[in-house]
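Quick note: the sequence shown uses the numbering used here, first residue 8, plus one each step.
I should point out that these hints are in silico values taken from the structure, not numbers from a laboratory.
Don't take every hint at face value.
Claimed, not checked - When the alpha-carbon atoms are kept at most 25 Å apart in a straight line, the in silico DSS-like pairs for lysine-lysine are as follows: (1) Lys226 to Lys184; (2) Lys265 to Lys117; (3) Lys226 to Lys38; (4) Lys26 to Lys10.
Said to hold, decoys possible - Derived DEER-like restraints, expressed as beta-carbon distance ranges: (5) Arg140 to Gly114: 20 to 26 Å; (6) Gly95 to Arg185: 26 to 32 Å; (7) Val81 to Pro113: 14 to 20 Å.
Note that CB positions come from ideal geometry on N, CA and C, so glycine has one too.
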Amino acid sequence: MDKKVILISVDGMRPDGLKTCGNPYVKTMEKLGEYTYNGRSMVPSVTFPCHFSMTHSVVPQRHGLLTNTYVPQVRPIKGIFEKINDNGGVSAMMYGWEPLRDIALPGTLKHAVYVNAYTEESSDTVLTDHAERIIDRYNPDFTFLYMVETDEKGGHDNGWMSDEYLRRISIAVDNIKRMVERFGETHSIIVMADHGGHDRAHGSEMPEDMTIPFFFFGKEFEGGRVLENVSLLEIAPTIASLLGIAPDSDWEGRDLTKD
Numbered sequence: 008m009d010k011k012v013i014l015i016s017v018d019g020m021r022p023d024g025l026k027t028c029g030n031p032y033v034k035t036m037e038k039l040g041e042y043t044y045n046g047r048s049m050v051p052s053v054t055f056p057c058h059f060s061m062t063h064s065v066v067p068q069r070h071g072l073l074t075n076t077y078v079p080q081v082r083p084i085k086g087i088f089e090k091i092n093d094n095g096g097v098s099a100m101m102y103g104w105e106p107l108r109d110i111a112l113p114g115t116l117k118h119a120v121y122v123n124a125y126t127e128e129s130s131d132t133v134l135t136d137h138a139e140r141i142i143d144r145y146n147p148d149f150t151f152l153y154m155v156e157t158d159e160k161g162g163h164d165n166g167w168m169s170d171e172y173l174r175r176i177s178i179a180v181d182n183i184k185r186m187v188e189r190f191g192e193t194h195s196i197i198v199m200a201d202h203g204g205h206d207r208a209h210g211s212e213m214p215e216d217m218t219i220p221f222f223f224f225g226k227e228f229e230g231g232r233v234l235e236n237v238s239l240l241e242i243a244p245t246i247a248s249l250l251g252i253a254p255d256s257d258w259e260g261r262d263l264t265k266d
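Sequences and hints are given; from them, build the entire structure.
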């Protein structure tokens, strides 16, 4: 695969939190990429079902994952990691929440790093360090960087839109900046959230839980363009297109490079 893709998921990042976190790089992100602050999560707006929908491009009611506990699919649908593996590609995953490992079937990841969010002041930053090293050394076709502290240490521990929540978003933005500046010329980069949150929880159909941001950087995307009608279902087909592989016939989302 000639093209390379990096996907960055910031767990629990609300659009209004991103816009008000105080990090000046957010404005740069708006200028560099196509984006929306009105993207849509899944029902239920829970981490594992949302990421499974993101990687498999079907709603939770089809893939059957409705909680944060993995169960095998009754009618299996291939996800982006399997499609890349089937086409001879190499995938890497850096993640700060251990159960998320199950979004990729065994044997579909060539490189994986897990760092517990509560063993580091910023596991998000440590995982970004690992992502840089793995890309520099192995140059995988697809790299997935998952940052959880916005959700765990920000939202659940202190409340969505609290000072600590906004501080954790700003740390995530610093890590996004590092990845874009380091690899933006050689990789297409997608930044997203899985869900938002309210008070110290999420999972409902409230706008605070369901509305999420998306950013798309790379030669295929027009800087400053505002996107419409984007959900988690669009991520896997768009990644497949960027990598030059066919989407799975079961996928429901659309390829945003064709918009």
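Evaluated hints:
Our distance criterion of 25 Å between C-alpha atoms is met by Lys226 and Lys184, whose separation comes to about 17 Å. For the hint linking Lys265 to Lys117, the alpha-carbon distance of about 30 Å lies beyond 25 Å, and the restraint is violated. With a CA separation close to 13 Å, the supplied pair Lys226 and Lys38 stays within the 25 Å bound. This hinted pair does not check out: Lys26 and Lys10 have alpha carbons roughly 30 Å apart, beyond 25 Å.
Separation of Arg140 from Gly114 is about 23 Å and conforms to the stated range, judged on CB atoms against 20 to 26 Å. In this structure, Gly95 and Arg185 meet the distance hint of 26 to 32 Å, their C-beta atoms being roughly 29 Å apart. At about 19 Å, the CB distance of Val81 to Pro113 agrees with the hint of 14 to 20 Å.
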